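Protein chains in written order, with the working numbering: chain A, 1 to 201; chain B, 1 to 201.
I should point out that these hints are in silico values taken from the structure, not numbers from a laboratory.
Honestly, I wouldn't trust all of these hints.
What the hints assert, rightly or not - No more than 20 Å apart at the CA atoms, straight line, and that leaves these computed lysine to any residue pairs for SDA-like: (1) B:Lys51 / A:Lys100; (2) B:Lys51 / A:Asp124; (3) B:Lys51 / A:Leu54; (4) B:Lys167 / A:Val47; (5) A:Lys100 / B:Lys46; (6) B:Lys46 / A:Lys167; (7) A:Lys51 / B:Gly60; (8) A:Lys100 / A:Pro52; (9) B:Lys167 / A:Thr56; (10) B:Lys167 / A:Asp152; (11) B:Lys51 / A:Pro135; (12) B:Lys51 / A:Gln143; (13) A:Lys51 / B:Pro3; (14) B:Lys51 / A:Gly41; (15) A:Lys167 / B:Lys167; (16) A:Lys46 / B:Thr127; (17) A:Lys51 / B:Thr127; (18) B:Lys167 / A:Arg64; (19) A:Lys100 / B:Asp55; (20) A:Lys51 / B:Gly169; (21) A:Lys51 / B:Leu53; (22) B:Lys46 / A:Gln143; (23) B:Lys100 / B:Ile63; (24) B:Lys167 / A:Asp55; (25) A:Lys167 / B:Gly60; (26) B:Lys46 / A:Pro57; (27) B:Lys51 / A:Pro57; (28) A:Lys46 / B:Lys100; (29) B:Lys51 / A:Tyr62; (30) B:Lys167 / A:Lys46; (31) B:Lys46 / A:Gly49; (32) A:Lys51 / B:Lys100; (33) A:Lys100 / A:Gln143; (34) B:Lys167 / A:Gly41; (35) A:Lys167 / B:Ile63; (36) A:Lys46 / B:Thr56; (37) A:Lys51 / B:Trp35; (38) B:Lys46 / A:Asp152; (39) A:Lys51 / B:Gly49.
Please read these numbers as outputs of a predicted model, since none were measured by experiment.
Number of protein chains: 2
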Amino acid sequence: MSPIHFYFDFISPYGYFASLRVEELAARHGRRVDWRPMLLGVAVMKVMGLKPLLDTPLKGDYIRRDVLRHARRHGIQLGRDPNASVGNPLPAARAFYWVKRHAPGLEVPLAHALFHAFWAEGRDLSTPEAVAAIPLPGGLSSQELVIGAASDEAATLLRNAVAASIKAGIFGSPTIVVDGEPFWGADRLGEVDEWLALGGW
Amino acid sequence: MSPIHFYFDFISPYGYFASLRVEELAARHGRRVDWRPMLLGVAVMKVMGLKPLLDTPLKGDYIRRDVLRHARRHGIQLGRDPNASVGNPLPAARAFYWVKRHAPGLEVPLAHALFHAFWAEGRDLSTPEAVAAIPLPGGLSSQELVIGAASDEAATLLRNAVAASIKAGIFGSPTIVVDGEPFWGADRLGEVDEWLALGGW
């Protein structure tokens with residue numbers, strides 16, 4: 001069966017929450033997960049014409065509260081203040097696509113490591129050097145990753161992935177697409193589960 | 001125990017979906033529901049600086065799809081095309097607050113009737129006359145309601161309610177507030193249920 005598509009932004013807390021559950025969910029239905037980091041800022045700012053979530057009056061305050069509430073409820077360690085500045089997701093996302101091309105199979109362990117470093121440990125990931133300095137999955141070289149994440153090739157791979165995500169209508173993190181059917185939000189994982197079990201409705 | 005606050009906009013499909021379940025949910029925890037219609041457009045446009053949801057590229061398409069999907073899943077009749085123009089919620093909301101003042105106890109049956117007329121039957125509610133022409137709960141006079149919904153008093157009651165909702169940080173429909181804790185979205189009713197059961201976390 002075709003994999004489910006998992007679109008996310010590394011600096012999205014809801015993307016992080018979903019990353020902790022999506023593989024178990026997919027596996028229960030005999031599916032694999034195709035991880036597709038994107039840049040929410042590009043879609044939100046350039047295509048949708050909206051301001052960043054945390055800068056939006058009323059909603060920003062709610063989101064900060066909701067993120068902490070969700071983490072408490074599910075015992076998820078948060079080493080980052082959701083009130084702090086959101087960070088730059090480009091180096092992490094470029095590293096992901098570079099590894100997917102040059103060390104296929106290691107990009108998903110890397111994604112978990114990046115999410116953990118950023119959200120659980122509160123590490124900075126805003127430069128290729130910072131990305132390469134996190135505990136990497138076995139088989140990945142820090143020296144190669146710092147060069148790869150800074151390469152033009154990685155920039156092009158990410159640019160193409162972001163363009164494809166916008167073409168696919170993706171506007172939020174996480175969005176899970178099951179056989180063409182999109183589900184937006186970490187709070188929709190239960191609905192994805194139902195959709196997979198029932199084969200749609 | 002204090003009632004839970006149910007903020008919604010009559011022209012919000014997710015507000016309608018929540019209206020079908022919120023009382024049963026609250027009753028299971030020995031709570032009453034304080035219905036608080038507001039005008040999402042005022043918060044969204046004037047305070048948040050955003051464009052209307054359905055006019056937002058990418059997101060608008062998703063929302064239309066999600067509304068139909070939710071209705072199919074839960075067997076909810078939708079007599080209104082979510083692609084159609086959204087309508088004017090002012091007369092319905094003004095009628096609600098006027099009835100709450102002048103025929104207390106009938107405002108919630110009226111709210112159900114308004115939601116049903118708009119969403120299940122696809123009726124127009126954009127004028128006081130249209131609001132008063134729907135099947136009204138027993139005890140409400142159509143002649144009185146059309147005058148009440150068009151009155152300055154009703155306009156003032158609604159204006160005050162909207163101002164209070166924005167002061168309370170409400171930016172989405174539905175939002176349910178339990179003892180000061182806000183939950184945004186019809187897909188969070190399960191979380192409200194948990195919060196009520198556990199007394200928070």
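Do the hints match the structure? See the list:
no., hint, in the structure
1, B:Lys51 / A:Lys100, "37 Å, violated"
2, B:Lys51 / A:Asp124, "33 Å, violated"
3, B:Lys51 / A:Leu54, "16 Å, holds"
4, B:Lys167 / A:Val47, "30 Å, violated"
5, A:Lys100 / B:Lys46, "44 Å, violated"
6, B:Lys46 / A:Lys167, "30 Å, violated"
7, A:Lys51 / B:Gly60, "16 Å, holds"
8, A:Lys100 / A:Pro52, "29 Å, violated"
9, B:Lys167 / A:Thr56, "15 Å, holds"
10, B:Lys167 / A:Asp152, "48 Å, violated"
11, B:Lys51 / A:Pro135, "42 Å, violated"
12, B:Lys51 / A:Gln143, "46 Å, violated"
13, A:Lys51 / B:Pro3, "34 Å, violated"
14, B:Lys51 / A:Gly41, "17 Å, holds"
15, A:Lys167 / B:Lys167, "38 Å, violated"
16, A:Lys46 / B:Thr127, "37 Å, violated"
17, A:Lys51 / B:Thr127, "34 Å, violated"
18, B:Lys167 / A:Arg64, "18 Å, holds"
19, A:Lys100 / B:Asp55, "36 Å, violated"
20, A:Lys51 / B:Gly169, "18 Å, holds"
21, A:Lys51 / B:Leu53, "14 Å, holds"
22, B:Lys46 / A:Gln143, "50 Å, violated"
23, B:Lys100 / B:Ile63, "32 Å, violated"
24, B:Lys167 / A:Asp55, "17 Å, holds"
25, A:Lys167 / B:Gly60, "14 Å, holds"
26, B:Lys46 / A:Pro57, "10 Å, holds"
27, B:Lys51 / A:Pro57, "13 Å, holds"
28, A:Lys46 / B:Lys100, "44 Å, violated"
29, B:Lys51 / A:Tyr62, "19 Å, holds"
30, B:Lys167 / A:Lys46, "30 Å, violated"
31, B:Lys46 / A:Gly49, "16 Å, holds"
32, A:Lys51 / B:Lys100, "37 Å, violated"
33, A:Lys100 / A:Gln143, "17 Å, holds"
34, B:Lys167 / A:Gly41, "28 Å, violated"
35, A:Lys167 / B:Ile63, "17 Å, holds"
36, A:Lys46 / B:Thr56, "12 Å, holds"
37, A:Lys51 / B:Trp35, "31 Å, violated"
38, B:Lys46 / A:Asp152, "42 Å, violated"
39, A:Lys51 / B:Gly49, "8 Å, holds"
In this structure, the hints that do not hold are numbers 1, 2, 4, 5, 6, 8, 10, 11, 12, 13, 15, 16, 17, 19, 22, 23, 28, 30, 32, 34, 37, 38, in rising order.
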